[in-house]
Structure formats: structure tokens, C-alpha cells
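Trainee: Each chain, written out:
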Amino acid sequence: MLGRLILTYPVASQRVGAGLLLALLAGLLYSIGISPAWIGRLFPATAGWLAENPDGAAALSAVAITAILVANWKAFRLLPRRQQVVAVWVELFVLLMLFFYSFNLSFAFIGKKIGFLISQGVVTTLYISAISIAVATFIALAGAIAKLSKNGVIYGLATFYTSLFRGLPLLMQIYIIYLGLPQIGYVISAVPAGILALSLCYGAYMTEIFRAGIESIPRGQTEGATALGLSPNQTMFLVILPQAMRVIIPPTGNQFIAMLKDSSLVSVVGVWEIMYLARTQGQTEFRHIEMLITASMIYWLLSISLEFLQSRIEERFGRFNAR
Amino acid sequence: MQDPTEPEIRLSGVHKWYGQFHALDDIRLDVARKERIVICGPSGSGKSTLIRCINRLESHQEGKIVVGGVELTDNEKNIDGVRREVGMVFQHFNLFPHLTILENCVLAPVWVRRMGRRQATEIAMHFLERVRIGDQAHKYPGQLSGGQQQRVAIARALCMAPRVMLFDEPTSALDPEMVKEVLDTMVTLAEEGMTMICVTHEMGFARQVADRVIFMDRGRIIEEAPPEEFFGNPKSDRSRLFLSQILH
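Those sequence lines, one after another, are chains F and Y.
Position 57 of the first sequence, counting from 1, maps to 56 under numbering that gives the first Met the number 0, and the rest follow consecutively.
Position 225 of the second sequence, counting from 1, maps to 224 under numbering that gives the first Met the number 0, and the rest follow consecutively.
It is worth saying that the hints were derived from the structure and are not from the lab.
Bear in mind the structure is a predicted one, so any value in this text is a computation, not a measurement.
Quick reminder that beta carbons are idealized off the backbone N, C-alpha and C, glycines included.
One-sided excerpt, in silico: chain Y residues whose CB lies under 7 Å from chain F: (1) 56; (2) 82; (3) 87; (4) 97; (5) 110; (6) 111.
Only pairs whose alpha carbons sit at most 25 Å apart, straight line, appear in this in silico SDA-like list of lysine to any residue: (7) Y:138 / F:219; (8) F:149 / Y:61; (9) Y:138 / F:236; (10) F:149 / Y:16; (11) Y:138 / F:244; (12) Y:138 / F:241; (13) Y:138 / F:313; (14) Y:138 / Y:175; (15) Y:33 / Y:230; (16) Y:76 / F:220.
Just need the whole structure built from these sequences, with the hints factored in.
Mentor: Following this line, the structure appears as C-alpha cells:
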């Protein structure tokens with residue numbers, strides 16, 4: 000019955016469907032208790048009416064927001080694709096900034112501290128992350144080759160390693176390395192301990208990524224290389240890995256971004272990286288939120304540069320796929 | 000040093016098992032220099048396994064395989080030596096898709112033979128011209144047709160200046176109209192005196208170039224004869240049945 004109606008009047012039923020969806024959205028906004036205060040602020044004349052009819056005001060607010068969203072959608076549909084992307088980014092970014100602005104932040108305080116946050120915090124975070132990323136990539140490569148090994152001892156080592164370091168919380172790993180190693184006579188300072196923990200943890204995750212990438216290359220490639228007389232190492236580094244990179248890079252980029260932010264866990268052992276500074280600098284004047292939001296924005300900016308880097312590398316390794 | 004009267008390849012009493020499955024059963028085969036051999040037989044008869052044992056892509060468990068005077072054992076050095084002298088062409092080409100045609104051909108001479116890049120490029124271009132792909136040298140394998148890719152694979156193997164060429168069903172994965180261009184390349188190679196072992200069902204090719212046709216079934220060599228004799232007067236029931244099925 001309903002199916003036949005939809006088939007007979009496709010355009011009309013599409014309109015009805017869209018209308019229902021919007022009504023549902025407006026209802027949802029109303030039911031979560033959307034505030035009508037913004038209408039009063041935009042049109043001071045309505046303030047009196049809004050105060051007298053709280054229910055009507057909330058309903059009006061829900062409907063108005065829905066209408067704004069629809070107008071927004073329709074307007075963006077007129078743009079070409081590239082500008083649509085830019086417009087969405089700009090609009091959401093402005094909304095996010097307005098959200099932060101509503102916290103009544105002291106920009107003078109941020110301005111006073113941001114220099115130190117960057118010169119000390121960002122530099123520390125970046126070099127801890129960069130070293131950890133390099134070491135983790137090396138570990139992952141070795142781990143993946145070990146996991147594909149026929150030798151039982153090597154395979155056992157690799158599986159125990161990935162199981163342990165993927166299984167323990169990173170925070171615990173940092174504590175165990177920083178506080179545990181001195182128990183057996185190796186006193187390790189905070190930065191090397193943090194780098195070691197990050198490298199080992201992310202090396203374990205990335206081992207699986209590298210293994211999957213290597214295994215995704217058909218066996219014929221190894222056979223072709225072997226038949227030409229290439230050694231197993233030459234086969235791996237000249238034939239298999241360059242092809243596997245295409246599969247390895249996107250999830251590895253993910254890991255790099257995750258590691259960049261997980262480097263904030265190193266702050267628990269007192270390394271002066273972004274997160275540690277954000278917490279300690281904010282404490283003195285009880286301006287925690289200012290510093291935490293600034294730190295978050297810095298992390299986001301760093302992540303964006305990594306995303307950019309990833310897409311460039313992907314392009315480079317995807318070249319041969321062009322037809 | 001190799002005795003010139005010795006065969007290029009000698010297999011004696013070779014056995015191979017995959018678990019319980021007897022893949023090669025007492026294979027005895029001598030291949031003289033410049034001899035051209037075609038191996039045929041039903042699928043699963045051990046043809047591919049046999050030639051893959053010759054360059055040790057598979058290892059045999061019993062018996063002796065000697066290639067160019069070198070016995071194939073677990074000795075890595077011997078295996079490397081044999082692989083350098085034996086070229087192989089696969090059913091699915093197995094070109095390296097991330098390298099251009101030219102780079103595919105240069106890779107092994109540079110890294111295995113330690114040849115200079117310029118000399119390797121010259122040799123590669125020479126063989127690519129011979130298989131009539133010279134003008135495509137800077138394309139990637141994915142940009143060529145199946146027949147062209149297989150000709151590149153032949154050129155790539157030839158760049159290592161092998162003494163023996165193994166072909167593992169080189170035309171089975173090709174569209175029908177591309178089979179001829181690959182077979183023509185193989186015929187030219189045969190006429191120039193290359194020692195060749197081909198697993199193929201192209202009976203026309205076998206008639207034209209083979210010195211001997213070997214028929215295998217269930218891991219055994221059932222029949223071994225010059226092509227006229229094998230096609231004209233097959234001795235065993237199984238080869239007769241096989242021929243009646245593929246020649247209609």
C-alpha cells in the first residue's frame with residue numbers, strides 16, 4: 000500500500016519524507032530543551048514575549064534552527080564541490096570558535112603563555128613524537144618480518160611482544176618503564192622512558208599494519224623476484240615493501256596522529272611537553288580551560304600537518320596505479 | 000666446471016610429497032643443451048611442480064636434481080647460482096607493477112649480476128626491442144595488454160642471460176587473440192637455440208618446436224616421445240584419452 004504510493008508519486012513522497020525528517024529534527028531539538036535565548040539576543044523586541052511563553056519560545060527556537068539548517072543546506076548546494084568543502088570547513092570552524100568564545104576565555108592570559116607553550120611544549124612534543132615514530136616504524140618493520148618468519152623462536156618473540164604491548168594500557172607501560180627499570184639497575188630519565196614506551200606500544204600496533212600490508216602482496220611477486228635470483232632481503236625491500244606501502248601508509252598515518260596525541264601521556268612522568276605545560280601553566284592563575292583549549296588547538300594543527308604529509312606520501316606511492 | 004657431455008639438467012629419482020599427496024613420483028629426466036621440451040598432462044599431474052623444482056621455487060624431498068653441473072640441495076649458494084642461470088616465465092606474468100617495464104628488466108641484472116645501470120639498460124632495451132615492446136619501456140605493466148606483459152616477462156628473464164628458460168603455462172591466462180604474439184616470441188627464442196622447458200597445452204607450438212613431448216599424469220612421467228610420434232601414435236591409454244580431450 001505505502002510502497003505503491005511511493006512508486007506512483009515518487010517526487011511527492013520524497014518531499015513528504017524530507018518534511019517528516021525535518022519535523023523529526025525540530026521535535027528532537029525541542030525535546031532536548033533547546034534554549035530560545037539567542038532569539039532574544041538577536042531581536043531584543045521579542046524578549047518580553049519569550050519570557051512569558053517559555054514553551055512557545057522553545058518551539059519557535061527549534062523550528063527556527065531547523066529552518067536555518069535547511070537554508071544553509073540549500074545555499075551550499077548552489078556552490079561547486081570544491082567551494083562546498085571550503086564553506087563547510089569555514090562555517091564549522093567559526094561555530095567551534097564561537098563555542099570556545101562562549102567560555103569567556105582570557106585571551107590576554109593565552110597571549111602571555113602561548114610563546115612558552117610553543118617554544119618549550121611543542122618542541123618537546125614534536126621531538127618525542129618524531130623519534131618515537133621513527134623507532135616505531137623500524138620496530139614495526141622488524142616485527143612484521145619476524146611474524147612472517149618460519150623460525151618458531153622469532154615468531155614467538157614477535158607474537159609475545161605485540162600481544163604484551165598492545166594489551167597493556169600505554170599509561171601503565173610508561174610507569175613500568177620509568178619506575179620499573181630502576182628496580183633492576185637501569186635508571187632512566189623521563190624523556191627516554193617516554194620515547195621507549197611510545198615506540199614499543201606503537202611499534203606493536205604498526206607491526207600488525209606492516210604484516211597485513213606485506214601479506215596483501217600476491218605470492219607471484221615473491222616467486223617472480225626469487226626466480227630472477229633476488230635474495231629474500233632484496234625481494235622484500237625492492238619488490239614487496241614498495242608495493243605494500245600503498246596499503247601500509249593510510250593506517251600508519253592514523254597511528255602517527257594518534258601517537259602525537261598519546262605523547263601527552265608522557266606528561267605523567269613530568270616531561271615538559273604541551274599537555275604538562277598546559278596543566279601547570281594554567282594552575283597558577285586558575286585559568287585551566289584557557290591552557291587546555293590552546294593545547295588542544297595546537298594538537299589539532301600538528302595533526303593537520305601530518306594529514307597533509309600523509310596525503311602527499313600516498314600520492315607518491317600510488318603513482319604506478321595510474322592508467 | 001661443467002663437463003660438456005653432461006646434460007644441462009638431470010633429474011634422477013625425484014620424489015615430492017605435499018603432506019600425503021604424492022606430487023612427483025620417481026621423475027627421471029635428462030635435458031641436453033639446446034633441447035626444447037614440452038610438458039603436458041591433465042591439471043594436477045605435477046607439470047608445474049616439476050619445473051618449479053628445477054629453480055627451487057619448490058624443494059624436492061628425494062632424488063637428485065643437477066642444473067648446469069650444480070646439484071640443488073639446501074645449500075643457499077648453489078640455489079642462488081642455479082637461479083641466476085635459469086629464467087622463468089609464469090602464467091600470470093608476475094611483473095612488478097610498481098616499476099616501469101624498463102625498471103622491471105634492469106632490476107635483476109643490477110642487483111643480482113651487479114651490472115652497471117647503463118649497461119643493464121642497454122641490454123634491457125635490446126631485449127625489449129626484440130619482443131617489440133621497446134617503445135613502451137617507460138610505461139607501467141598495468142598500462143599494457145596481457146600479451147604485451149607476457150612478452151615483457153620473457154624479455155625480463157632474458158636480460159639475466161639464462162642458459163635455460165622455463166615456461167609455466169605462459170599463454171593460459173591470455174585472451175585468445177594474444178596467444179599468438181607470445182607463442183611467436185617463444186618460437187623465435189627456440190630457433191635461436193635456447194634450452195627450453197615449456198609446460199603448455201599449445202599443441203601447435205609443441206609440434207613446431209619441441210624435440211620431445213613429455214606426458215605426465217599423477218606425478219609420473221607416462222610417456223616421452225618426439226612430437227610426431229606422441230601426437231601420431233600415443234602409446235598409453237591415458238595420453239590417448241588426454242589428446243582426444245584437448246584436440247577436438
